[in-house]
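Based on these hints, arrange chain B on the given structure of chain A.
2 protein chains.
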Amino acid sequence: MASPISKILRKNKDGYKVAGTMWLEYERERFFGPGRVELLRRIEQTGSINKAAKVMKMSYKKAWEMIDALNKQAAMPLVIVKTGGEHGGGSQITKEARELIRYHDALRKRFIAFLDKETKKLS
Amino acid sequence: MASPISKILRKNKDGYKVAGTMWLEYERERFFGPGRVELLRRIEQTGSINKAAKVMKMSYKKAWEMIDALNKQAAMPLVIVKTGGEHGGGSQITKEARELIRYHDALRKRFIAFLDKETKKLS
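Note that the protein sequences, when read in sequence, are chains A and B. Residue numbers for the first sequence follow numbering that gives the first Met the number 0, beginning at 0 and rising by one. Residue numbers for the second sequence follow numbering that gives the first Met the number 0, beginning at 0 and rising by one.
Just chain A, with the same shape it has in the complex:
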């Protein structure tokens, strides 16, 4: 079947790609998307908000605000912040945060399948 816009596209049809991004909103505000999910993953890996922020080249303040928003928009905490102790604080993500990451990954997979299907229709 010809592409719905085959006349408009150049001969190098493989160069075209349907792309997109998605996120979850809570009351019209961003709840989580690729950035926040990556932050949760980095905290899980490093055990530290500070280290996670550094890996993602963002300020501690920005990372903290993202976590604060996540914790407030969810029904339960997603990141547990520990403070004090001999080696300073440390942070870890909750079981629920891991569920959220799993959900995000599955949703992303379905989204990519949708985009791939639309891209194939073009060629």
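If you're looking for bench data, these hints aren't it; they were derived computationally from the structure. One or more hints might be untrue.
Intra- or inter-copy, both count: the list cannot distinguish identical chains.
As the list claims (entries may be wrong) - Lysine-lysine pairs mimicking BS3-like chemistry, simulated, CA-CA at most 25 Å apart: (1) 116 with 61; (2) 108 with 12; (3) 61 with 10; (4) 71 with 60; (5) 71 with 12.
Relative to chain A, chain B alone:
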């Protein structure tokens, strides 16, 4: 069936929404998305790049760059710019541009159906 992240979501589940945006790329550069499609529509309505830019609160330069990119990335012109004449120039979109708008609208409809389905799964 319970939501995949029901424990994480607040009781007001109607407040959550899976949202997103999508576009078409050509060789990893934006080809068209909601902004460029709106610009084409406004040019069709007003017969003028200048008027279309004003409606969209963007500079003439920005509008021109968007059209130039569209025309270069497509296999044929999408906007025909007329210059000179008693009342100055005027612009119109081609039949192919109208096909592109139709394709974009249909694609957007499928995308919204996808997002709605994912939003329903949450509640």
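First find the shortest C-alpha distance between residue 61 and residue 10 inside one copy, then the shortest across copies, and answer within, between, both or neither for a cut-off of 25 Å.
-> The answer is neither: 45 Å in one copy and 28 Å across copies each exceed 25 Å.
Evaluate residue 108 and residue 12 at a C-alpha cut-off of 25 Å and name the case that applies: within, between, both or neither.
-> both (24 Å within a copy, 23 Å between copies)
For the identical chains here, do residue 116 and residue 61 meet the 25 Å Cα criterion within one copy, between copies, both, or neither?
-> So residue 116 and residue 61 fail the 25 Å test inside a copy (36 Å) and across (32 Å) alike.
Identical-chain pair category, residue 71 with residue 60, by Cα at 25 Å | Within one copy, since 16 Å is at most 25 Å while 42 Å is not.
Under a CA distance limit of 25 Å, which applies to residue 71 and residue 12: within one copy, between copies, both, or neither?
-> between (45 Å within a copy, 15 Å between copies)
The structure fails to meet hints 1 and 3 from the earlier list, while all remaining hints are met.
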